[in-house]
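J.: Chain A is already provided as a structure; the job is to place chain B with the ligand on it using the hints.
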Amino acid sequence: MAGKTLYDKLWDQHLVKQSDDGLALIYIDRHFIHEVTSPQAFEGLRIAGRKLWRVGANIATPDHNVPTTTVERSAGLDGIEDPIARIQIKTLDDNCDELGITEYKINDPRQGIVHVVGPEQGATLPGMTIVCGDSHTSTHGALGALAQGIGTSEVEHVLATQCLRARKMKNMLVRIDGALRRGVTAKDLVLAVIGKIGTAGGTGYAIEFGGDAIAALSIEGRMTVCNMAIEAGARAGMIAVDQKTIDYCHGRTMAPTGAEWDTAVIAWRDLVSDDDAVFDEIVALQAEDIAPQVTWGSSPEMVASITDRVPEPAAEKDATRRNSLERALTYMGLKGGQPIKNIPLDKVFIGSCTNSRIEDLRAAAEVVQGQKVSDSIKLAMVVPGSGLVQKQAEAEGLHQIFIDAGFEWREPGCSMCLAMNADKLEEGEHCASTSNRNFEGRQGFGGRSHLVSPAMAAAAAIAGRFVDVREMGEG
Amino acid sequence: MKAFSQHQGIVMPLDRANVDTDMIIPKQFLKSIKRSGFGPYLFDELRYKDKGEPDMDCSTRPLNKDFVLNQSLYQGANVLLGRQNFGCGSSREHAPWSLEDFGFRCLIAPSFADIFYNNCFINGMLPIVLDSAIIDELFDKVNATEGFTIAVDLETQKLSLSDGTTIDFEVDAFRKHCLLNGLDDIALTLEDADLISAFESKHKKESPWLFA
Ligand code: SF4
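As they're listed, the protein sequences go chains A and B.
For the first sequence, the numbering used here assigns the number 2 to the initial residue and increments by one for each residue that follows.
For the second sequence, the numbering used here assigns the number 10 to the initial residue and increments by one for each residue that follows.
Isolated chain B (complex conformation):
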């Protein structure tokens, strides 16, 4: 996993609640057996006017100019500001893969769906939960200021806004440790292989039918 300590960039406001993972990356792109290359199809149905298909060359596709991702103000944005229940729906990890591939490594919202939230951390991305009132304020600021940026510092758990203010955020200590050091979950778990084996033997003795 790629380490994450600091990240800075233009904020793209996505002002809608319940952004689901079907919306983030539509199903036709899930046929891929790869982990990368999903960026061009991020928000495909909102972003383009035609129907997207896997392996399509997106550079010539008609853009939906109304969608925020296509607006000149937010070109190069790499922090996404969202509304409640971001990432709900399907467990597809293609959703964080496509956001990450596009460049969004930090997402800020009042709440995230559980599976998506977890999938972000595993992929070296930082989802930040802030109070709805603070999110409302952030939307106002981003909408009012061209090129509004946020600098994220994971170590100190601080957001520095381009208007000079700062916001503290919470993050799970273990997730933070993994992100800062780019640690691989599986390697960490395998350090406990003996513990797992011991549990497994006991479990098998008690409930042998689970091992049929």
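Bound conformation, chain A alone:
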């Protein structure tokens, strides 16, 4: 019999029931909750008179809607100016208080973007099944977990049953061999993967990322990669456990200790695909071929290397594709054939669950150090992923580097990644953003987002346009 993939193992370990028609019940170890996709689920539970299955499985924090300016944040919940956002966050607080769910509330130092907070607290551990009413739950797969986004009805289902109804996905291996070149990061790697397989390439699959280049990434870099698995269409992305994974978990608040830690580590070491495991699909990329990436369109697959040009729609034979190309270029205000480096920029956003961890901020600060944000940039902001990231960055003096250069240093939250709060693009503005989605209107009505790595965003802020970080000298 062929060996098992990492996904097969995680699936088998959580299988409660398998029906003949392929439908299964999967036990959920961890459920993360935020303010936007949960109110209707809690209400549904209440209306049906059902009780919460296992309170300890749930961890909540508000992130999507929280304001990020220090002034607005200083007064906590009551200080939130947008009354609708305030109600939504209060609803989360009330629901959690009523049911006894652990919540890192708005000004708790542990509050932050749920996908940054989970691993940070050790609430995400190898071998877990993890869900959250948010598509970027795939992030947590970086620790060898089966993590996926769910809808609000499924949130209610998990609250009530601790299970998810699911059908097993197919296995895809995305293997990146070789070593990334200097200045090329996890973000560039995953954008290159999406550029290759497309935004629907992973639909129906659980993607395991493997190969030398993945093994060489830090755990935070691996989170960046798994975070964007959903942008390749895959509900779950994951990476095998290795010593780095184990070291990362050690000593975290919710991680096991003592003898239990030892037992856990033995179990975690098996969370790798067997040598003879069979994947339904294998995609291979060579790390040396990957250059810093910049998206030029309104879908993450519309991506190019910094040295490239915006594609010419006329060269596209397929009508539907040509159509989307043309539409994207019109929306983005770009011309086919235009060099990526000539795209004008108005704003720079460093943050989001893709790139707001301490290593991201360090990478950006390294580029920014001693420089000034270009006069042509109207706003450059850094939004740490959590209160703890913020504290760490401040302890290292990174905030001062950003502030001295002319960046705004904000309080933790999703911020301009989806612009539910006051942080948004104005119509027609171009933004170099370290987030994960460049959809039309994503960062503000009529806004034009270009997805890049933290170093690339920082360099763009200084230059006022996109530049190749590889040409910025040894750093």
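I should point out that these hints are in silico values taken from the structure, not numbers from a laboratory.
Here the structure is a predicted model, which means the values were calculated and not measured.
All the given hints hold, so there is nothing to weed out.
To spell it out: a stretch of chain A is covered by chain B in this simulated footprint if at least three of its residues, at any positions, have a beta carbon under 8 Å from a beta carbon of chain B; those stretches are: (1) 18 to 25; (2) 49 to 58; (3) 87 to 99; (4) 122 to 129; (5) 151 to 163; (6) 322 to 332.
Even for Gly, the Cβ is constructed at its ideal location relative to N, Cα and C.
T.: The following block gives chain B with the ligand in isolation, referenced to the frame of chain A:
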């Protein structure tokens, strides 16, 4: 959940690939803590010329006449014909809620994004996947014929087109059963509560750190 067995109506063609859930319902409307009332804001940024805000009265807003939803031909449409990777992006269930609230209970496309696809069924909607070649043909027919309609019969898994032709479609047996009977997923799962409890005890014994 509302049961779904038959559904019939005018088809609205949305000729673009990768329609994402941000496009279906922009984020500002996600601040609502309700499940209903999203219909007027469906495709808000494509549909109106101004910037939409929650609780806005949409009846007086300037319409984008070029957007298919606003064209007189498709008024009252309740079947949506789309392109590949429909519903990609965010997991927001507000996307199916807004489509359903507007009246679209049946969506037809060559492919749907996983989370969205699943969210549709849970909300009593039927997403149908057809071959790209058939979808191309459907687009041609809908574009060529005013008031083109499709009648969906879930029981027999058949689409009857207003030009007299029929198309068979596939649907997951469990999902079909739930849709036909308007069954609630949670109630069904709770029938297995003992099984879940037994699994949980065993799991806890084997991996106690997961229950810290
Ligand atoms: S940072 Fe952006 S992508 Fe991540 S959870 Fe928040 S809104 Fe979603």
